[in-house]
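These protein sequences, in sequence, are chains A and B. According to this note's numbering, the first sequence is numbered sequentially starting from 1. According to this note's numbering, the second sequence is numbered sequentially starting from 1.
Don't take every hint at face value.
What the hints assert, rightly or not - Straight-line Cα separation of at most 25 Å, PhoX-like style, residue types lysine-lysine; simulated pairs:
1) K166/A - K206/A
2) K99/A - K111/B
3) K96/A - K147/A
4) K111/B - K97/B
5) K30/A - K96/A
6) K147/A - K206/A
7) K147/A - K111/B
8) K39/A - K82/A
9) K96/A - K97/B
10) K111/B - K157/B
11) K157/B - K39/A
12) K135/A - K99/A
What the hints assert, rightly or not - Stretches of chain A that chain B covers, calculated by requiring three or more beta carbons in the stretch to come under 8 Å of a beta carbon on chain B:
13) 33-46
14) 109-119
15) 288-294
Quick caveat, the hints were computed from the structure, so don't treat them as lab data. All residues carry an ideal CB built from backbone N, CA and C; glycine is no exception.
Chain residues, written in single-letter form:
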Amino acid sequence: MRRISIRVQAYFVPPLIYCIVRGGIFIDKKEGLIRIFSKDIRNILRQVSVDFEQVQEIRLRVHLPLLMIHNNREFYVTSDGKLSKVAEEAFRVGRKDLKETLEYMSDYSLYAFEEEVRQGFITIQGGHRIGIAGKTVTDANGIRSMKFISFINVRLSHQIRGCADKVLPYLYDGREILHTLLISAPRCGKTTLLRDIIRQISDGTKSHPGVTVGVVDERSEIGACYQGVPQNDLGIRTDILDCCPKALGMMMLIRTMSPQVIAVDEIGSREDLEAMAYVMNCGCRLIATVHGNSMDDIRQKPVLRELVQERWFERYVVLNGRGGPGHVDQIYDSRGSRLDWPGRRVYDN
Amino acid sequence: MTISFFLKAAGCAMMVAGTSGYGSWMASGYRQRMELLIGLRQMIFLLKGQIIYANAPLPEAFEAVGDRTEGVLAEFFLRIAGRLDAQQGETFCQIWKEEVELIDKEAALTKADRQSLATLGEHLGFLDREMQERNLLLYLEQLDLVIGDLRERREEKCRLYTSLGVMSGLFLTVLLL
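Looking at chain B on its own, in the form it has when it is part of the complex (with noise of 0.2 Å):
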């Protein structure tokens, strides 16, 4: 029992414990990312009672929204009203894709959920009330798929996550061992 050995037990404990927070760290962003998606369904679903049934424009019914819901999301929401009141001189479409870029990197949202997002912004504000609602129902269709395939998948991906790094330490255990 020498001074080596409890060093090497330590170092093997925190590599396990190590990787077994980052699958648990995956595992929450996985729980967050579908948290985040459907609490941006409800944000469109508010918006789209904003514009079809309030017949509020754009930046009335981006703070209506905002107003109402809280996190990264509502703010993206309020911060896309204020820059639409204070009409800069910027095109929706512009602003709405800076907007998305801005969106906290921290967030649980991917590359692609990114780039959805930012899609939908093109084909905001013109033509009638009846187009928006398309275009938001379209979108709405896409999350909805989205959101549908993380909820079957949650178990088994949080569990592969979860397994996969407590699994890996012990396997750099072994291995540096």
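Bound-form chain A, shown alone (with noise of 0.2 Å):
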């Protein structure tokens, strides 16, 4: 009897273990977050008893209702913290929660944020990027500054392991991982895809080695580094350039660090296409993602056409966000054959 009762106390000890870690990492995920909010606001977010890992946005506007992206559909958040679909429900964003939102997730330093700012949002501490809008002001050289910051949204970042465990057999040639695009809209999930096969890549896996990766993260989004240090876990042989061009990062990295494979996210100009020329031809291979809907669409972009038609990548993932995000559709080779891949989301949200 004494025997059963140890048994049966070991087989619930782990998942104790686990939910009472998990429930901490949820709690300080929820707090960490809150904490850019104006007071108002915060007090409003921490009665909101949604689990924070399943929410994908929140939304500022002035003068309008608060709204929260939950498991891929729209709330308004409530003075007491309930999600409603009434709109008159809602608790209504005042410039003053905007001002004092503003001050808090730049860490009382909008200064540091200037080029961010310019270019429409800041990332912060945990990889969450905002968005922001508001009325820009122009020079001759294009956006000098943004003022009367009116429209924050706050996209969640989420690192979910193991979500490139069915994509990455693909990713292989062997032993050779190969030059890979992930294709896929916003919000469809291409950047924690990313996150996770650099993961993978660089730690290794049981059929393949570890190798080293070299990660420019322009946005801060992959790493989150905060002080330098990854918020997210990027592998044990992963070196970060972080908030650094990714034309510019891609050279540098190629001289410094000697990675075996260079990762980028959100690829596009013409100084990148340079770039990543210079990656392949140092024999790095190379993982990138870039915005699109479809293969036919990167077919008609016209500086990502090129990439295609001269078969630069041997490796196209399409992700297009069907019944949310992480749902990868297609795999392509080099030529834009299709593999043989089912379609089926890699990961639940």
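Got two chains here, each in a separate frame; can you build the complex from them with the hints?
In structure tokens form, the structure reads like this:
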């Protein structure tokens, strides 16, 4: 009887520890995120009882309802922290809320995000990306700064370990990693997938040893570095060049860190292409992501068309967000022919 | 030679010593204030470097400067860094003003020094780096003026405080005798 009792206890202990640790992480993540909002919004979000791992976006618009995208569905957030479908019940965001939120999310230092503000987003601790919009101040060189910031979109970053498990075998040819391009529309999970691909390539898997990976993290979204320390796990053989323009960063990494694989997010400019050609000619493997809906979409884009025509990449992984982020629709080879891939979600958000 | 004479002499000596001590304390306070302001000037220079060249956000910049220096002002910088880091829902200006008030009352800063330091906090944090630099430079200019003035009058003031201390002691002695 005593032995059975010990066995039962042992059976329950690991899940219990898991729940405590995971619960702690959730609380930390929620608290860490809530700190960036104004006092009033913090108090509201603290009462929201949903799992923040499932929250994708929180939107603030001046004098308009506070919105939350949870599990791919949009909700109004009420003053008592409930998610509602009725607009009238929603908490309305004031100018003061936006001003305060901006102060907290920039660590009281909006000046330190001058370049990011110019581009319209700030990446904060944890890798969450905050989109901002307001009145732009322009000069001859383009956008100089932004004032009267009245719209804020907080996009939550999630690291999902193992989400690349099913895709990864398609990205190898024997022991060699193939040049890979992840194609996806926004909010379909390309950065999440890229993050896990990097981690697994760097750490190594049962069938493939780990290799040195260099990451150019222009927007701090992949590694989510805070004071130089990555907040996301990108593997033990990964070097990260944080907040560095992609084209410059790729060249720099080749010269300084001798990576075997280089990973970048959201390529698209002519300079990016030149740097990618340099990387590929150096014998380095390249894994990149790009905005697009399908292979045909990429074939029609002026700069990216060349990539497909000249067969720069050996694998194209297309995500389409069907039924939520993480749905890999198709995987193509260098000629654009479909590989035998069933079209499925690689993770549940 | 009675006991009352000895008591009077001892009282006079103590009075002169007391007033002289007070004079010296005033002179040393003057010197301490000057040294504190010179230290503050150096800290603001370091802060400017952190903001302009390292592009560090305020919590990081204050911590870096606080770590590299010592004394009441270093503690003040570190306390601010801690509160900014904690993000308890207070604005920067609020935190700054509260912390200026909390600077050790024994520290040799005058009310005007504290007020001018409190005003600096009203303009830090927002807008661009150029604006931060201008604000810090403006404050540095004010500090330079005060320090220059203190330096110029140091000899004169210190001598005045010391001599006034001794003289007032002697004057009171004569008056009471």
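Hints, one by one, checked against the model:
1. K166/A - K206/A: Roughly 14 Å between the alpha carbons, so the hint for K166/A and K206/A holds.
2. K99/A - K111/B: Between K99/A and K111/B the Cα gap is close to 31 Å, so the pair fails against 25 Å, i.e. violated.
3. K96/A - K147/A: holds, 14 Å
4. K111/B - K97/B: Distance of about 13 Å is within 25 Å: holds.
5. K30/A - K96/A: Given pair K30/A, K96/A holds - Cα atoms ~22 Å apart, limit 25 Å.
6. K147/A - K206/A: Measuring from Cα to Cα gives roughly 52 Å; hence the hint is violated.
7. K147/A - K111/B: At roughly 36 Å apart (the allowed maximum being 25 Å), K111/B and K147/A break the hint.
8. K39/A - K82/A: OK: K39/A and K82/A at ~17 Å, within 25 Å.
9. K96/A - K97/B: Roughly 20 Å separates the two Cα atoms, so the pair holds.
10. K111/B - K157/B: holds, 19 Å
11. K157/B - K39/A: violated, 50 Å
12. K135/A - K99/A: This hinted pair holds, its Cα atoms lying about 14 Å apart.
13. 33-46: holds (count 5)
14. 109-119: This one holds; 5 residues, not fewer than the three required, reach chain B with a Cβ under 8 Å.
15. 288-294: Result for this restraint: violated, n = 0.
Checked against the numbered hints given earlier, this structure breaks hints 2, 6, 7, 11, 15; the rest are met.
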